[in-house]
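Kindly produce the complete structure, drawing on both the sequences and the hints.
Chains as they are written, first to last, in the numbering used here: chain A, 1365 to 1758; chain B, 822 to 1008.
A hint or two may mislead.
Claimed, not checked - As a list, the in silico BS3-like pairs of lysine-lysine whose alpha-carbon atoms are at most 25 Å apart:
id: 1; chain 1: B; residue 1: LYS887; chain 2: B; residue 2: LYS993
id: 2; chain 1: B; residue 1: LYS964; chain 2: B; residue 2: LYS902
id: 3; chain 1: A; residue 1: LYS1443; chain 2: B; residue 2: LYS896
id: 4; chain 1: A; residue 1: LYS1678; chain 2: B; residue 2: LYS992
id: 5; chain 1: A; residue 1: LYS1633; chain 2: A; residue 2: LYS1622
id: 6; chain 1: A; residue 1: LYS1687; chain 2: A; residue 2: LYS1474
id: 7; chain 1: B; residue 1: LYS995; chain 2: B; residue 2: LYS907
id: 8; chain 1: A; residue 1: LYS1443; chain 2: B; residue 2: LYS887
id: 9; chain 1: A; residue 1: LYS1663; chain 2: A; residue 2: LYS1527
Unchecked claim - Ranges between beta-carbon positions, derived for each pair:
id: 10; chain 1: B; residue 1: GLY840; chain 2: A; residue 2: GLY1431; range: 43 to 49 Å
id: 11; chain 1: A; residue 1: LYS1633; chain 2: B; residue 2: ALA832; range: 30 to 36 Å
id: 12; chain 1: B; residue 1: ALA948; chain 2: A; residue 2: ASP1574; range: 38 to 44 Å
id: 13; chain 1: A; residue 1: ARG1718; chain 2: B; residue 2: LYS907; range: 45 to 51 Å
id: 14; chain 1: A; residue 1: LEU1399; chain 2: B; residue 2: GLU856; range: 40 to 46 Å
id: 15; chain 1: A; residue 1: ILE1707; chain 2: B; residue 2: PRO939; range: 26 to 32 Å
id: 16; chain 1: B; residue 1: GLU856; chain 2: A; residue 2: GLU1398; range: 48 to 54 Å
id: 17; chain 1: A; residue 1: GLU1575; chain 2: B; residue 2: LYS902; range: 57 to 63 Å
id: 18; chain 1: A; residue 1: ARG1425; chain 2: B; residue 2: ALA832; range: 41 to 47 Å
id: 19; chain 1: B; residue 1: ASP905; chain 2: A; residue 2: PRO1673; range: 38 to 44 Å
id: 20; chain 1: B; residue 1: PRO939; chain 2: A; residue 2: GLU1398; range: 56 to 62 Å
id: 21; chain 1: A; residue 1: GLY1477; chain 2: B; residue 2: LYS907; range: 41 to 47 Å
id: 22; chain 1: B; residue 1: ALA948; chain 2: A; residue 2: ASN1617; range: 48 to 54 Å
No lab work stands behind these hints: they were computed from the structure.
Note that the structure is a prediction, hence the values are computed from the model and not measured.
Glycine is no exception: its CB is placed at the ideal position from the N, C-alpha and C atoms.
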Amino acid sequence: MMLEAASIERTTEERTPVEAAELSASPENGQLLELSMGPHHPSTHGVFRMNVQLEGERVMRLKPVFGYLHRNHEQIAEKVSYLASIPYTDRLDYLCSMTNNWAYALTVEKLAGLAVPERAEYIRVITAELTRLQNHASLIGFLLQDMGASGTPLMYAFREREKILDLFESLSGARMMCNYMRFGGVRVDLPPQWVERAQALVGGFPRFLDEFERLLMGNEILMGRTQGVGVLPRELAINAGITGPMLRASGVNYDIRKVDGYGIYGRFKFRVPLGEHGDVYDRYMMRVLEMRESVGILKQALGEIPGGPIIDAKARLRGLRPKAGEAYGRIESPKGELGFFLISDGSTNPYRYRVRPPSLINLTVLEDMCLGRNVADVVVILGSVDIVLGEVDR
Amino acid sequence: MLGEGIVKGMAETARNFFGSFVDRSRLTTAQFPEERLPQPEATRVFPFLIYDTEDREKGLRCVACKICEAECPPKCIYIEKSTDKKPDYAGKPQFYPQVFDIDVSVCMSCQICVEVCPFEAIKMDTAFELSTDDRFGGLLWQKDRLSRPNEYYHSIHPTEAAEVDRALAEKKAKAEAKPAAGAAAAR
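Have a look at this one:
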């Protein structure tokens, strides 16, 4: 007999978690234990801390505490030139430096009115989708690690991730802190044989996904730990401003690649996977399906990449002075809507620099998803949110 | 059947384990100190300064314009400009850095200094085994440790160095043609 999702107790269906928590948190029900999970606990994906109030194993309250990795990113960016902020954006979500670069470059391009040449647009799409592949693969690895599958899925995911990082290294010189995009284009052209190598990797990626699927799909422990756990209702997801795979897992069809069509995403055929239940399993599946769609985008982009310049002829590296004004640029980063808001006063550094980090905003519903669940579920639910503390704390 | 999924997953693990004996692509770990993977040409670790002629003091391309110092995002470069001038590669008298320090404990290897340098004087090194037990002096690199000959640059980034040499030669030819043309016009 297969363990069905329906056979798992779904507390959320009878009453909302908040009601459930309030019902049983009354004083006559006994004492609550306050436990500080983190900041240096391997399951918290960095230096994140959760103050949980427990009744036995059940979570009654959960208060996220962050700021341990605060590096004053926004203030520093207001003091240095526009160019000098690019390497700092690498360090926001340090798994996805390419998409961070892109979001920032997109905003400055809007502000300064720079155009991006065709070839650079293709390179941006290719690097961003490769970033999405490696982010989602390692996220699934980490999620499984949190569930106790110590090692195997994570190592398989990292094996594939290494290949993508090798590509990034030969392109930009660094594996993770790529510092690759520039305003109006990209920094260097693709090295010889790069497209062929990328095509070989993308061609082999479905094999890895199939292997991953055989390894995990239908695994009873995975099903039991994820199905019906950490349900995020559709309305709450919209109201809380959740974006990215987490929002789509709750059944909301919202992908900025489709909505905004920034860059040249309008040219590629891809589907946006949608979940139904909004539980951890759906969030996990979102990532698996998105990887398949990314492979499709990559195949199209690598096939039709044109020649030509890689940076706008008007773009100057140093001394960029956009005229006074403001701009908000956003992209669909692997974690959600990554936006940059810049106000220029006409000088060489931004007057105001603000990051809209998807990780932080997706974390705001953590308590709602965790109430009434066990401590072990909290770890899995946090894992499914996909946070990187560099981005949460900035 | 309960447990079927787990058995299937185990079979996949076994396939990877036994496959690693026959298929090289399943065995991805490089045994680092003994086995070293080649570094791609674009690799960047920390910056170094290029000098052209035999003499590392006189041949230094850096003219202490301090652009890299101003643009460096973590501000890890410290330059003191000289008071006298020395001739550069084109024979034009230029200032030179009396002090050029890079605090590599602060440097984040972003390559911005290389991109903004108009004189092709600072480039990225690829050496990465740099640990030291002196956390202050050992990580504050002075001018003599930073300067490397152009041949070294050619040995680590051959394509890029060839391009830079070509661009510099063009510049020099132009600079030499100018006074000659000017003298011809005056006559």
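Hint check:
no., hint, in the structure
1, LYS887/B - LYS993/B, "22 Å, holds"
2, LYS964/B - LYS902/B, "13 Å, holds"
3, LYS1443/A - LYS896/B, "12 Å, holds"
4, LYS1678/A - LYS992/B, "22 Å, holds"
5, LYS1633/A - LYS1622/A, "10 Å, holds"
6, LYS1687/A - LYS1474/A, "11 Å, holds"
7, LYS995/B - LYS907/B, "20 Å, holds"
8, LYS1443/A - LYS887/B, "18 Å, holds"
9, LYS1663/A - LYS1527/A, "17 Å, holds"
10, GLY840/B - GLY1431/A: 43 to 49 Å, "46 Å, holds"
11, LYS1633/A - ALA832/B: 30 to 36 Å, "35 Å, holds"
12, ALA948/B - ASP1574/A: 38 to 44 Å, "41 Å, holds"
13, ARG1718/A - LYS907/B: 45 to 51 Å, "47 Å, holds"
14, LEU1399/A - GLU856/B: 40 to 46 Å, "45 Å, holds"
15, ILE1707/A - PRO939/B: 26 to 32 Å, "30 Å, holds"
16, GLU856/B - GLU1398/A: 48 to 54 Å, "50 Å, holds"
17, GLU1575/A - LYS902/B: 57 to 63 Å, "60 Å, holds"
18, ARG1425/A - ALA832/B: 41 to 47 Å, "43 Å, holds"
19, ASP905/B - PRO1673/A: 38 to 44 Å, "42 Å, holds"
20, PRO939/B - GLU1398/A: 56 to 62 Å, "60 Å, holds"
21, GLY1477/A - LYS907/B: 41 to 47 Å, "43 Å, holds"
22, ALA948/B - ASN1617/A: 48 to 54 Å, "51 Å, holds"
The structure agrees with every numbered hint stated previously.
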